[in-house]
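Kindly produce the complete structure, drawing on both the sequences and the hints.
Line by line, the protein sequences give chains A and B.
Using the working numbering, the first residue of the first sequence is number 1, and each one after it goes up by one.
Using the working numbering, the first residue of the second sequence is number 100, and each one after it goes up by one.
It should be emphasised that the hints constitute simulated quantities derived from the structure, not laboratory data.
Small disclaimer: the values here were computed from a predicted structure and weren't measured.
The beta-carbon is built from N, C-alpha and C at its ideal position, and this holds for glycine as well.
It is possible that some hints are incorrect.
[Stated by the list, open to error] If you want the ones that stay clear, here's a sample from chain B, every Cβ over 10 Å from chain A, calculated:
no., residue
1, G113
2, I130
3, F303
4, V639
5, T653
6, V677
[Claimed, not checked] Only some residues are given here: those of chain A computed to face chain B with a beta carbon under 7 Å:
no., residue
7, A18
8, A21
9, L22
10, V91
11, D92
12, N95
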Amino acid sequence: MSLTNYLVLAVILFSIGATTALVRRSAIMAFMGVELMLNATNLMLVTFSRLHGNLTGQVLAFFVMVVAAAEVVVGLAIIISIFRTRHSASVDDVNLLKS
Amino acid sequence: MLITAIPTDAAWSGAALAPWLVGIPLLSAAILLLAGRHSDRWGHWLGVLAPLASLGIGVVLLVRMLSVPGDSRAATVSLGRWIDAGALHLDASFRIDPLSLTFVLLVTFVGTLIHVYSVAYMEHDADRRRFFAYMNLFVAAMLLLVTASSYLLLFVGWEGVGLASYLLIGFWNHNMPYAVAAKKAFVANRVGDVGLIVAMGLLFSHVGALDFASVDAAAPRLSPGALTAIGLMLLLAACGKSAQFPLQSWLGDAMAGPTPVSALIHAATMVTAGVYLVVRSNAIFTAAPDARLVVTIVGAISLLFGAIVGCAKDDIKKALAASTMSQIGYMMLAAGLGPVGYAFAIMHLVTHGFFKAGLFLGAGSVMHGMDDQTDMRGFGGLGRTMKVTYFTVMAGWLAILGMVPFSGFFSKDPIIEAAFIPQDGQTWRAWVFGLVALIGAAITSFYMSRLFFMTFEGKRRWTTKRDGEHQHPHEAPALMTVPMIVLAVGSVGLGAFLAIGDRFTGWLEPVTGARGEGDAVLPGWLLVTASLVLVILAAVFAWRRYAVAEVPVTPPVGTLLTQAARKDLYQDVVNDAVLVVPGRMLARSLVFGDRAVVDGAVSGVAKTTVALGDLVRKVQTGHVRSYAATMTLGLVVLAVVVLVLGS
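Right under this line is the structure:
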């Protein structure tokens with residue numbers, strides 16, 4: 001199977017993730033979109049690792065996973081905290097900085 | 100600093116005292132101003148002591164100076180290096196020579212008398228201490244002016260007397276016209292100061308130094324053009340300070356100040372500083388005949404101008420002010436004649452300092468007895484109630500007339516005679532200036548006799564005070580009459596003392612140089628007789644009009660010339676039309692231009708920035724998703740750019 005398929009899949013996943021992050025109002029859904037984009041990136045990194053025949057991409061993918069795990073923790077904590085104070089998980093309601 | 104003062108060319112010991120001449124009155128002024136109300140009780144006596152101490156130092160200097168031969172009498176006392184900038188190296192130093200010492204003695208002697216007089220004259224003024232502080236400041240500045248050894252230090256004193264004059268004219272500045280008069284004097288003086296500054300610039304560029312010794316040494320080597328330019332600029336300065344045509348309009352208004360101020364500053368000393376400047380710069384003027392001719396012309400115009408104005412003024416102080424302008428015109432005319440006139444200019448200055456100060460103090464005494472009234476049409480017959488004032492003013496009156504053997508005769512007649520000496524071989528000048536001086540003497544006699552007769556002779560025309568009570572003219576207290584008597588003695592005898600045996604001209608010779616020889620176009624005895632006859636005729640004419648005949652209490656309409664003279668020959672109108680109105684227009688258009696162009700550019704930039712900010716602010720919606728969309732879009736654009744550029 002050609003490596004191109006993997007790349008196409010990664011692009012499709014990334015686009016779905018980006019669209020989710022941009023379009024959905026729910027912070028949880030936007031968050032899932034971000035995760036999807038990260039995983040698409042990971043898939044692309046691994047693919048290129050295979051293409052070039054070295055491990056650099058795979059190592060980078062591990063880094064991304066670690067950072068993503070940390071990010072999930074922090075991000076969910078923020079979302080819960082916002083929900084507790086404002087009783088809403090919609091990203092459009094979080095506009096205090098504007099005023 | 101004062102203790103380290105050392106004579107740099109120690110011709111004679113004792114000159115090192117010179118800085119104290121200025122220091123003591125300055126210190127006294129500082130104490131009086133800083134101590135404030137605490138010194139109200141004793142401040143005026145400290146104010147009297149300061150010029151007295153300077154007078155003492157002046158007398159010591161005189162005694163020491165007389166003990167050395169004439170050609171080594173000039174001594175310079177340095178306080179150390181003052182300015183060290185580029186090519187300019189200047190010491191702050193004092194120059195004591197016969198000319199400066201003459202002024203020191205005049206200023207301190209007359210100054211002390213007027214300070215004593217002021218103790219009584221200002222007795223009921225709540226701000227008497229402040230008055231004395233300013234008077235001391237004036238004495239200090241005037242002494243600095245006359246003892247400075249360079250034009251720049253002279254300029255410090257020059258500005259100092261201008262400041263003191265401003266403060267004292269506007270001493271009663273709660274009265275709006277008085278404050279305006281002070282401002283007018285200040286501004287008119289500034290015009291003259293520009294002349295002095297330009298003259299100093301020219302001197303620096305042509306000579307490279309500003310001290311009198313270097314300038315005097317370099318003057319004969321300079322080009323005629325430069326000398327004339329410097330001379331004219333110095334003349335401009337002198338015109339501003341000495342109220343000479345065309346900068347004379349401030350002097351009449353300056354009479355708003357208390358009368359002792361008018362006596363000391365605007366008659367005896369400060370206004371003569373211009374004559375001092377011209378005589379001090381005699382090396383330049385001697386070498387610049389064109390500039391000297393202009394000095395003579397200015398003097399001649401001023402002497403007629405002042406005399407004509409004096410004939411029409413009903414305010415006793417303004418008549419005296421016009422007379423001051425006229426008499427300084429005589430001095431200027433004499434100074435413009437060159438070596439034949441320098442010493443006579445200073446001699447007339449000294450005698451004028453005495454008799455004019457005496458006349459002003461007499462006017463102050465009359466005002467004191469007449470509830471501060473100054474209109475001579477409301478006086479009359481005061482000689483019977485104010486005997487001392489009557490006789491002291493009579494001494495001053497006869498002196499200014501030039502009667503034998505009063506002071507004025509010995510100082511004014513030599514000027515008239517010198518004016519009849521042809522300059523540069525041009526006989527027309529001798530006739531023009533000589534006749535102007537002669538006619539001026541006759542007019543002087545008329546207006547001074549008018550003043551004297553209107554005030555002291557004739558019928559009593561006074562009725563009630565301002566508050567409606569009856570006038571009771573009374574003699575002033577002894578503190579006022581004693582200085583008047585001393586000045587009257589000077590008015591009687593000083594001229595003869597200075598003139599007999601050429602005592603004064605010989606005394607000034609080290610400074611002014613030898614008196615050039617020259618024969619008048621008319622014989623001397625004829626000139627003396629002619630001037631005496633004219634003076635007596637004019638006085639008799641005034642006697643008939645203002646003592647024998649009835650003087651109307653309300654001024655008659657008068658001839659066109661009288662009407663013009665009452666308005667100072669329209670000099671204020673001319674000044675307004677030529678300077679004030681165009682100046683105001685220029686200022687207004689500049690303000691408009693400043694608002695439209697400069698402010699417009701500045702606030703335009705500011706407004707554009709604000710508008711741009713408002714526009715950009717709209718992008719910040721506060722929606723996280725729109726930020727994310729922008730970011731994504733930006734990344735895509737970046738990627739496209741990289742791809743396009745990379746391929």
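Cross-check of the supplied hints:
The claim that G113 of chain B is not at the interface with chain A holds, since no C-beta of that chain comes within 10 Å of its own (minimum 85 Å). Annotated as non-interface, I130 of chain B keeps its C-beta farther than 10 Å from every C-beta of chain A; the closest such distance is 65 Å. Remark: the non-interface label on F303 of chain B is consistent with the geometry, its nearest Cβ contact in chain A lying 66 Å away (cut-off 10 Å). For V639 of chain B, the condition that its CB be more than 10 Å from all CB atoms of chain A holds, with the nearest at approximately 99 Å.
Against chain A, the non-interface label of T653 of chain B holds: every CB pair exceeds 10 Å, the least being about 80 Å. Every beta carbon of chain A lies more than 10 Å from that of V677 of chain B, the smallest distance being close to 64 Å; the non-interface claim holds. At its closest, the beta carbon of A18 of chain A sits 6 Å from a beta carbon of chain B; the interface hint therefore holds under the 7 Å criterion. Look at A21 of chain A: its Cβ gets to within about 6 Å of chain B, closer than 7 Å, so that hint holds up.
Of the supplied interface hints, the one on L22 of chain A holds, with its beta-carbon coming within about 5 Å of a beta-carbon of chain B, less than 7 Å. With a least beta-carbon distance of about 4 Å to chain B, the hint placing V91 of chain A at the interface is held under the 7 Å criterion. With a least beta-carbon distance of about 6 Å to chain B, the hint placing D92 of chain A at the interface is held under the 7 Å criterion. A least Cβ separation of about 3 Å between N95 of chain A and chain B falls short of the 7 Å threshold, and the interface hint therefore holds.
Of the numbered hints stated above, none is contradicted by the structure.
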